[in-house]
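Participant: Chains as they are written, first to last, in the numbering used here: chain A, 1 to 78; chain B, 1 to 135.
Honestly, the hints are just simulated from the structure, not real lab data. Mixed in with the good hints there might be a few duds.
[Said to hold, decoys possible] Just so you have them, the derived chain B footprint on chain A, three or more residues with Cβ under 8 Å:
(1) 27-37
(2) 67-77
[Unchecked claim] Computed, partial: chain B to chain A, Cβ under 10 Å:
(3) Thr9
(4) Leu87
(5) Lys88
(6) Leu95
(7) Val105
All values reported here derive from a predicted model rather than from experimental measurement. No residue lacks a Cβ here, since even glycine has one placed at the ideal position from N, Cα and C.
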Amino acid sequence: MEYQAMLAWALPMGVGLAAVGSGLGLGRAVGSAMEAIGRQPEAAGKIQTAMIIGAALIEALTIYALVVFFILSGKIGS
Amino acid sequence: MGLEFIHRTLRTTGIVLLILFPFFLYYFGVWKALALFSGGVWGMLNLWFITLTVRAAIRPEGVDKPRTIALLLFKFPLLYVSGYFLLKISLFQPLWLLAGAFATVVIMILKALGRVLLHLDMDSTESRAKTSGVA
């Protein structure tokens, strides 16, 4: 398989895998946050903050994969 | 560590970006400095929308449906499409945009690290025991 064909196959796969991973991570985080708020409603503020930080970090990784896709997609077909 | 941590992170990121902008303008040129600044502003907006969405959707009183739907309708089409256009503009290099977008994350991690090292999130008794050397 040619280098460019491999790149064309691997780039969307990489972004897809990153999206699946971050989706699973966010799902777990939100589920746990809901459970924690249900158990201790008075700690909602702290749980929300931790949830926001976690969500931002998870989303940043997906954006990282997307930017790598954009950087390398210029090399396909050139 | 409450929600004011997020607000402080956003404020610090804005200040850092404003301080860095003239230096990047001088040393790297207009487009790289603008790319870094735009990426940083995009990252700040993204964190702000995540904060608003989490506060509207995950709370003890239940989901604030109209607010959550409005936020999601604004965040996904508008913010992500604007990010897409920033990436597609050939004048902006994606790496500089990425560096700007990661400024928020870096500042958040440094602030959290500072809080851990200074024991700012401990109870007062726990903190006193730590500083006096009593386990």
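Participant: Tell me the hint numbers this structure goes against, listed in increasing order.
Facilitator: Violated: none.
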